[in-house]
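Trainee: Chains A and B supply the protein sequences, listed in that same order.
So for the first sequence, this note's numbering puts the first residue at 8; every next one is plus one.
So for the second sequence, this note's numbering puts the first residue at 8; every next one is plus one.
Hints listed in this document are in silico derivations from the structure and should not be mistaken for laboratory results.
Some clues are possibly wrong.
Because identical chains share one entry, a pair is satisfied inside a single copy or across any pair of copies.
[Unchecked claim] With a Cα cut of at most 25 Å, we get these calculated SDA-like pairs of lysine to any residue: (1) K293 x A113; (2) K280 x I193; (3) K293 x R231; (4) K344 x A113; (5) K388 x A307; (6) K217 x D263; (7) K196 x E380; (8) K388 x S373; (9) K34 x R70; (10) K280 x R231; (11) K280 x R67; (12) K344 x G151; (13) K383 x M95; (14) K34 x R67; (15) K34 x R416; (16) K280 x E245; (17) K323 x V296.
There are 2 protein chains.
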Amino acid sequence: MAVVVMKFGGTSVADLDRIRNVARHVKREHDAGNSVAVVVSAMAGTTNQLVTWVNDASPRYDRREYDAVVATGEQITAGLLAIVLQDMGVNARSWQGWQIPVETNAAHGSARISHIDGEALRARVETGEVAVVTGFQGVEPAQGRIATLGRGGSDTSAVAIAVAVNADVCDIYTDVDGVYTTDPRIVPKARRLPKISYEEMLEMASLGSKVLQTRSVELAMVHRVRLRVLSSFTPPEEMAAVNLEGLANIGTIVTDEDEIVEQQVVSGIAYAKDEAKVTIVNVADKPGVAARIFGPLADASINVDMIVQNVASDGKRTDMTFTVQAAELSRTLDVLKAAEADIGEFEVRSSDDVAKISVIGIGMRSHAGVAAEMFKALAEKGINILAISTSEIKISVLIDAAYAELAVRTLHSMYGLDAA
Amino acid sequence: MAVVVMKFGGTSVADLDRIRNVARHVKREHDAGNSVAVVVSAMAGTTNQLVTWVNDASPRYDRREYDAVVATGEQITAGLLAIVLQDMGVNARSWQGWQIPVETNAAHGSARISHIDGEALRARVETGEVAVVTGFQGVEPAQGRIATLGRGGSDTSAVAIAVAVNADVCDIYTDVDGVYTTDPRIVPKARRLPKISYEEMLEMASLGSKVLQTRSVELAMVHRVRLRVLSSFTPPEEMAAVNLEGLANIGTIVTDEDEIVEQQVVSGIAYAKDEAKVTIVNVADKPGVAARIFGPLADASINVDMIVQNVASDGKRTDMTFTVQAAELSRTLDVLKAAEADIGEFEVRSSDDVAKISVIGIGMRSHAGVAAEMFKALAEKGINILAISTSEIKISVLIDAAYAELAVRTLHSMYGLDAA
């Protein structure tokens, strides 16, 4: 019999009817003879209410007190799910972060899990008692105060619990039934991927595909935790075919690339519309200018993504283009303005009317020409590329936002990802 | 400088504006140079919402999980109040039951506090940091699980914290400005009592005057904690005159009777309309019949209050009248029915159209004739007494509910309690 960690997000536990539905999924695993730990988020909407109260109390809130207030959301869900499970005849017990304990560092509001001693928890679930664990939270051991992991932290909690109890699998139940080759709302022919590698999932997640939190995928990759993405809205009785060996026509397994026998060159097309482009025109082309531009942005914790530099024909002045999150654009311009004395005179142009399109695939490593095919396909549709950035398994281009859907559909089809 | 415990109930922290008002009261004490621990309840309405969810999850809920869910209410208030205090420049920190820890027994849902080590807490508040403590909850040390004290438990938490930190005073802020000689809604001439003894307050509390929870008064009496009842709705700037020596024209001090120099024979008139009367007619008058009636009621945890037995003229059969809480009446009749075989044949009559009127006063101990005056005054108004029970400092009578207000007004006036 296996040790299974099941994680349910806020929409899956939004009210008592949905909590009952979750309990049926848990009972299914339990009745199959598995040892089960469940990780739950706050009921959808609860965390927002709590955060609003905290902000009303003071926009300059103390992060330790923010954590004490906001962590109550998961505490409520865990208690309610334990009660519902008991009512269904399943022996269950709720566990808060401080009770296990899930130890974190002191970065309140965006803490990282530092240690979980999973032995006692594993012993408990092996007796047949279901452990219902609060996601998103832990305790900072030095001060003994509650710490939360930041938005989406429950995925990370689930993987960390899976590592701690040495689980055979960590199933993440969400409101979608798996990871797709691209957004099905844009490309109706998008296909669910039965398997995807950690590396590909990381690129998908960080590029705006919101199925799994990036940190949870990193943690799963480091500890080789077998992750599965499933939908809590699939009726429990239709999930009898879910077993440890794989998934029968539902969900996506996120796993080591070695396990993926037939690797696609390209596994998916991601896009992000929340990018903004900043071009610094006619800045002096002398050593150190890039540091003088990007240093202050880094100091302000503004994440710069793509960077393109064009040398002017006279060799003395240059244009520098980069992208930031659209939400950070006005702060970016403020920081640049403040640094003008240091950078030297420049003009700045900016636009948040851009989109980033990314082609992702483990197979790229051993397959030449993927980028060239991409550029050619976009050129044939008259789509202008504003910037390019690449990694080992990803090629991203920045284009006019108006062409985003066309670009995604074109590439999805060109790389052979369309469903039959 | 003194150590002060301040307790604020649910209506005093019902929303952020009221929490800000509470913070101003706390800041006033803090700015006066006192060391302050604050005990808070859940925001009014929150606990009811949580209890509703638990009951929806399963009416046969596990009390440990009930506690885990319901305890979140105080946790939210404590964090928010700490944030608001910090925003006002007051160094503050929230503390949950398990963090102090407030240790309780394992009677989840109605736990009793077994131990609080207040040394660390006292050291902290003496540094000038305000401790904001969650009322109503603690932790059961053997299992490490959250335990709640039952409705109104925050008063008890406040007194227990006051005992643990050896506070100079425990101020209970409520939505009324003190303890009155009787309910001012019935008797407009009711007067606020500047002082009242623990014993009198206990009788008042257990007789339905809901200013303080009975257990908190008992605890204060045992440990000789100076309790004060104040209103959180009195503007903080009008409370400059509140100091440790006493109260200037606001509030009520609950204290040792030795401190009350000029004792009234009668301090107050309490009434309770939620009583029900049960008369068992024509039951055999033989040894053990009372045990056979009241044994099963005790087993069913039904609290019997007044008991009156009239022997019939033939000496063989008797009538037995007693009172229970009106809410327990139908359960009481069921228990009697089930015990009929054991009790012997009887008829039963019941009514929840009765009220209990009580006259309370420490002075009664040394003053004869108080009861006689009471019966005479009621008789003069044509009010029939259905049952009587007395203690050292209290005389209670059961009357028709229709006469309750008349009886209270009559007695209030007769004992010289009316305001000039």
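Trainee: All the hints need checking, so say for each whether the structure fits it.
Mentor: Now for the hints, and whether the structure bears them out:
Proximity of K293 to A113 under the C-alpha cut-off of 25 Å is found in neither arrangement, the shortest distances being 41 Å within a copy and 73 Å between copies. Taking CA atoms no more than 25 Å apart as the test, K280 paired with I193 passes inside one copy only; the shortest distance there is 13 Å, against 67 Å between copies. In this assembly of identical chains, K293 and R231 lie within 25 Å of each other by CA distance neither inside one copy nor across copies; the values are 46 Å within and 79 Å between. Taking the closest pair of Cα atoms, K344 and A113 never come within 25 Å of each other, the shortest separation being 34 Å inside a single copy and 62 Å across copies.
For the homomeric pair K388 and A307, neither the shortest alpha-carbon distance inside one copy (39 Å) nor that between copies (82 Å) is at most 25 Å. Taking the shortest Cα distances, K217 and D263 sit within 25 Å of each other inside one copy (20 Å), while across copies they are farther apart (64 Å). For the homomeric pair K196 and E380, the shortest alpha-carbon distance inside one copy (21 Å) is at most 25 Å, but the shortest distance between copies (93 Å) is not. For a Cα distance limit of 25 Å, the shortest separation of K388 from S373 qualifies neither inside one copy, at 27 Å, nor across copies, at 104 Å.
With identical chains, the CA atoms of K34 and R70 are at most 25 Å apart between copies only, with a shortest distance of 21 Å across copies and 37 Å within one. Taking the shortest alpha-carbon separations for K280 and R231, neither the intra-copy value of 32 Å nor the inter-copy value of 67 Å comes in at or below 25 Å. Taking the shortest alpha-carbon separations for K280 and R67, neither the intra-copy value of 30 Å nor the inter-copy value of 49 Å comes in at or below 25 Å. Taking the shortest Cα distances, K344 and G151 never come within 25 Å of each other, neither inside one copy (43 Å) nor across copies (55 Å).
Taking the shortest alpha-carbon separations for K383 and M95, neither the intra-copy value of 58 Å nor the inter-copy value of 62 Å comes in at or below 25 Å. Within a single copy, K34 and R67 get their C-alpha atoms only as close as 44 Å, which misses the 25 Å cut-off; across copies the closest is 18 Å, which meets it. Taking identical chains as interchangeable, the C-alpha atoms of K34 and R416 are never at most 25 Å apart, the minima being 41 Å within one chain and 62 Å between chains. Neither within a single protomer nor between protomers do K280 and E245 lie at most 25 Å apart by alpha-carbon distance, with minima of 36 Å and 57 Å respectively.
In this assembly of identical chains, the alpha carbons of K323 and V296 lie at most 25 Å apart only when taken from the same copy (12 Å versus 111 Å across copies).
Comparing the model with each earlier hint shows violations of hints 1, 3, 4, 5, 8, 10, 11, 12, 13, 15 and 16; every other hint is respected.
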